[in-house]
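Student: Sequence:
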Amino acid sequence: MLWFDGAISDDPRTGFDLRDRGLLLADGLFETLVVTNGRAFMLDAHLDRLLAGAAALNIPVDRKSLRRPVDDLTAALPDGGIIRLTLTRGVGPRGLRPPAQQQPAIFAAASAPWSPNPTAAEVRLATSRIRRNPSSPTSRYKTLAYLDNVLALEEALGRGADDALLLAVGGRAACTSAGNIFVIQGENLLTPSLDDGVLPGITRALVLDVVAPELGLMPQEMSLSKGSLLLAEAVFLTNSVALVTHATELDGKPLSRYGRETVEQIRTEILALMD
Numbered sequence: 001m002l003w004f005d006g007a008i009s010d011d012p013r014t015g016f017d018l019r020d021r022g023l024l025l026a027d028g029l030f031e032t033l034v035v036t037n038g039r040a041f042m043l044d045a046h047l048d049r050l051l052a053g054a055a056a057l058n059i060p061v062d063r064k065s066l067r068r069p070v071d072d073l074t075a076a077l078p079d080g081g082i083i084r085l086t087l088t089r090g091v092g093p094r095g096l097r098p099p100a101q102q103q104p105a106i107f108a109a110a111s112a113p114w115s116p117n118p119t120a121a122e123v124r125l126a127t128s129r130i131r132r133n134p135s136s137p138t139s140r141y142k143t144l145a146y147l148d149n150v151l152a153l154e155e156a157l158g159r160g161a162d163d164a165l166l167l168a169v170g171g172r173a174a175c176t177s178a179g180n181i182f183v184i185q186g187e188n189l190l191t192p193s194l195d196d197g198v199l200p201g202i203t204r205a206l207v208l209d210v211v212a213p214e215l216g217l218m219p220q221e222m223s224l225s226k227g228s229l230l231l232a233e234a235v236f237l238t239n240s241v242a243l244v245t246h247a248t249e250l251d252g253k254p255l256s257r258y259g260r261e262t263v264e265q266i267r268t269e270i271l272a273l274m275d
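Counting in the numbering used here, the sequence shown tops out at residue 275, every number present.
Check each hint, because a few of them may be wrong.
Unchecked claim - Quick list of simulated restraints, FRET-style, between CB atoms:
#1 12 to 187: 24 to 34 Å
#2 265 to 12: 21 to 31 Å
#3 112 to 13: 28 to 38 Å
#4 63 to 171: 19 to 29 Å
#5 170 to 63: 16 to 26 Å
#6 58 to 256: 19 to 29 Å
#7 133 to 12: 30 to 40 Å
#8 94 to 187: 54 to 64 Å
#9 219 to 133: 21 to 31 Å
#10 220 to 122: 18 to 28 Å
#11 150 to 121: 13 to 23 Å
#12 14 to 209: 22 to 32 Å
#13 187 to 16: 47 to 57 Å
#14 205 to 15: 29 to 39 Å
Bear in mind the hints are in silico, worked out from the structure with no lab data behind them. Because the structure is a prediction, the values reported are computed rather than measured. No residue lacks a Cβ here, since even glycine has one placed at the ideal position from N, Cα and C.
With the hints as constraints, model all of the structure from the sequences given.
Tutor: Right under this line is the structure:
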C-alpha cells in the first residue's frame with residue numbers, strides 16, 4: 001500500500017519523477033513507524049527527528065505535510081502494520097548543487113500486519129569492517145544514504161551472523177546495521193554515546209527516559225569498547241519495528257544470557273506502552 005501525492009494506492013507504479021534527488025543522490029530522510037491499536041506508535045518523536053534532519057539538510061517542510069500520509073495510512077491499517085515515511089529534496093538539475101527553488105517530495109509505503117514476537121528474538125553479531133563516522137550527518141540523522149548499513153549487513157550474513165556490529169572510527173562500539181546497542185551490568189544500563197556515530201533512536205530514547213527508570217535501572221550514555229560487550233551480563237538491541245532483540249553471540253563468541261530476564265522486562269514495558 002502506497003501513499004503518494006495525497007492518494008493511497010496498491011499499485012506500485014506511481015508517477016514518481018526519475019530526476020528526484022532522493023533516487024539519484026540519496027538526498028533525503030525517512031522514518032519507520034509501527035501502527036498498532038489504531039495509532040502510529042511514538043509518532044511525535046518520529047516527526048520531531050525527521051523535522052530535525054530536514055532542518056539540518058535545509059529541506060523546507062512542515063509537520064502537517066509529514067503527518068498527513070501517516071494519518072491516512074494508519075486509518076487504512078485496522079490490523080496494524082509498518083509505515084515507512086520518506087522525504088526527499090525533490091527534483092533538481094544535474095549535479096550536486098541543490099535547486100534554488102526546492103519542491104520536496106513526500107511519499108510513504110505501508111505493509112500489514114505487524115505483531116510482536118512472543119519473546120525477544122535472539123541475534124548473532126559479527127563486527128563489520130565498515131566504520132561509523134561521528135562527524136558525518138549520515139550518522140546523526142536518518143538519511144537515505146544507507147549503503148554502509150546494507151554492506152555491513154551483507155558482510156555479517158556472509159559470516160553466518162544475523163546482524164553487523166559497527167564500530168566508530170576510533171574503534172568504539174556504535175550500533176548495528178539497523179539498531180541501537182545496550183549493555184546490562186547489574187543495575188546499570190549502558191548505551192553508546194551519540195558522539196560515537198550513533199543515530200538517536202526512538203526506541204533508544206524510550207528505554208533511556210521511560211523504561212529504565214520504571215525498572216529501577218540506571219541509564220548511562222558513554223563510550224563502550226567492543227570488549228565491554230563480551231563482559232556484559234546481557235547485550236540487547238533496539239529499533240522501532242523489532243523493539244528489543246537479545247544479542248547472544250559476537251564474532252563467534254557467546255555473550256552472557258545472565259541478564260536475559262531484564263531484557264524481557266524491558267521489552268514487556270515497551271509493549272505495555274503500546275497498548
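Student: Each hint needs a verdict: does it hold in this structure or not?
Tutor: Here is how each hint holds up against the structure:
1. For residue 12 and residue 187, the Cβ-Cβ distance of about 49 Å falls outside the hinted range of 24 to 34 Å, so the restraint is violated.
2. For the pair residue 265 and residue 12, the beta carbons lie near 41 Å from each other, so the given range of 21 to 31 Å is not met.
3. Taking the beta carbon of each, residue 112 and residue 13 are about 20 Å apart, not inside 28 to 38 Å as hinted.
4. In this structure the hint that residue 63 and residue 171 lie 19 to 29 Å apart at CB is violated, the actual value being about 39 Å.
5. Distance hint check: the CB atoms of residue 170 and residue 63 are about 36 Å apart, inconsistent with the given range 16 to 26 Å.
6. Checking the proposed 19 to 29 Å range against residue 58 and residue 256 shows it is violated: the Cβ atoms sit about 45 Å from each other.
7. About 34 Å separates the C-beta atoms of residue 133 and residue 12, a value consistent with the hinted range of 30 to 40 Å.
8. Checked against the given bound of 54 to 64 Å, the beta carbons of residue 94 and residue 187, roughly 57 Å apart, stay inside it.
9. Residue 219 and residue 133 have their C-beta atoms about 25 Å apart, which keeps the hinted 21 to 31 Å range intact.
10. A C-beta distance of roughly 25 Å is found between residue 220 and residue 122, which places it inside the suggested range of 18 to 28 Å.
11. Distance hint check: the CB atoms of residue 150 and residue 121 are about 21 Å apart, consistent with the given range 13 to 23 Å.
12. With their beta carbons about 38 Å apart, residue 14 and residue 209 fall outside the hinted range of 22 to 32 Å.
13. Restraint check, residue 187 to residue 16: a C-beta distance of roughly 50 Å satisfies the suggested window 47 to 57 Å.
14. For residue 205 and residue 15, the hinted distance range of 29 to 39 Å is satisfied, since their beta carbons lie about 37 Å from each other.
Hint check: violations occur at hints 1, 2, 3, 4, 5, 6, 12; the rest are consistent with the structure.
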